[in-house]
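Chains as they are written, first to last, in the working numbering: chain P, 9 to 212; chain C, 294 to 596.
By construction, these hints were calculated from the structure, which means they are not laboratory data. The structure presented is a predicted model; accordingly, all values stated were derived computationally and were not measured. Take these hints with a grain of salt, some might be off.
Chain C side only, calculated, beta carbon under 10 Å to chain P, not exhaustive [unchecked claim]:
1. 326
2. 356
3. 360
4. 383
With a straight-line cut-off of 27 Å between C-alpha atoms, the simulated BS3-like cross-links for lysine-lysine are [claimed, not checked]:
5. C:345 / C:468
6. C:398 / P:210
7. P:210 / C:400
We treat Cβ as the ideally placed atom computed from N, Cα and C, and that holds for glycine.
Residue-level listing of the chains:
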Amino acid sequence: MTAYTIRSPQSANRQETWIVWILIVVIACGAIVYGWVRDDAAKQAPLLDWQVNSFSGLGVDDQAIHSALIVAGEEIGYMNSDFGDWPSAEELDTILLAPFYKDEFWKLHGSVNWKLIRAASYQDGGDTGYLGTSGDRPGQSAYLLLFRHRHVGAAYANQIDIWINRDPNGKVPDTTKAESLVAAGWKQVIVYSGADEFMRLKGT
Amino acid sequence: MLVRIGRLRVLVAVLLGLMICCVQADLAQARLRIGVTLHPYYSFVKNIVGDKADVVPIIPGEVNPHGYEPQAEDIKRALDVDVIVVNGIGHDEFIFKIIEASGRKDKLPLIYANASVALIPIGGDQGGEKVVNPHTFISTNAAIQQVYEIARRVGEIEPQNAEAYRKNGRDYAIKIRQLRAQFMQQIAAHSRDDFRAATMHAGYDYLFQEFGLRISAVVEPRHGVAPTAKQLAQTIADIKAAHVSVIFAEQYFGGNLAETVQRETGVRVYTLSHITDGPFTADKFEVEMRQNIETLARALESK
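Full structure from sequences and hints, please.
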């Protein structure tokens, strides 16, 4: 003989309510875990207090000059690789290379005064630096484009490094080691690149 | 004896000739085939490799890449290339579906054109968020950075041609730089201080940044997505509040939204090219960037 349990409509409603609540909790937990994992994938290495992100931490003028410096860095690196020496800021102006080229972009972004302040050599190694100061736009920084790690006897420097100083007339210390620059008020710009964005989107 | 030596020479010459033909045939077969997703990448790669490699568009030229759904022919083409150059940051999502469908996921090498490009956010109000703009190819400087990146990566695949690719890439960069310089001279006489512009599509931040212009509003709420009536009303209010005088519509898509905005706000409408429609050609990027630059100059002059 089969036994049947008859539930009142009220108890059936309660059961449905419980199921709905359990589903809501499961979905909410899933969303939190997904968001946490996704957010984790989106993160670049955390910034140190002497670093600034190129995407979210720069004003309009600083961001425009930083973007131009990244491209200029490539071209200057090629020029050094081809000719062995480092072009002056004046030479970079003549080959139309932003942000050194004194065009409307240069004027609109503060008429920054660029100088080659040190040059690594085949014999002595060292860093090469281009300093941009005296920008006249509100909130504009000073800029330092560095070519790092040229070892003695090496043909070229292999690492581009960009720093800003919130003082548009910021001075560069005698050495361009990170700790000296930080002590002099400079911040290293960490690029948010296409590679970072691809990592954020695809997680690989 | 002399006759025998003569025959031997002829035989050796014939064999050598055959060997050379075989090697040449092998080399011809071994030509690198580089797939590309978007028109600017076709132009970039073609200018870098010249006639040393084949450049293969993966999708047809006359389709809108926003929301494109892969077709069987695309999958066939993806099966027949050695490497694909991709935008990879949101403008060619279709390629990842195509590669997956071709069974070459994790096997087919990809060149991420934007790997070393410093990205910037979409202009205008994006609800307080900073959203990455994937249109790095509608630009001059960011385009040059992509040319350098592609030349470097293709050179790694074909080290014997690396120097030629690097040289071609740099020569092409000079052409792009000259194009930009020409525009800068053209606009020198026009003040940009009170130039307030909106765009229909969030595609032009890199271009505007490089020319020192700013975007006050974007009509599309998200990339490739038309606004709802409520969102459009809000954008129209923003355009009025920001005293925008010019709106840039799309040459290839965008419907008649620009007319609506013009009617409601009185702004002047100009059309920019997204460089993602029509035949794939080596000079497409230069031709359409020149048109864009001339349009910007006209908009500034009429301000």
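Structure-based check of all given hints:
no.: 1; hint: 326; result: violated (23 Å)
no.: 2; hint: 356; result: violated (22 Å)
no.: 3; hint: 360; result: violated (16 Å)
no.: 4; hint: 383; result: holds (7 Å)
no.: 5; hint: C:345 / C:468; result: holds (20 Å)
no.: 6; hint: C:398 / P:210; result: holds (13 Å)
no.: 7; hint: P:210 / C:400; result: holds (16 Å)
Violated hints for the displayed structure, listed by number in ascending order: 1, 2, 3.
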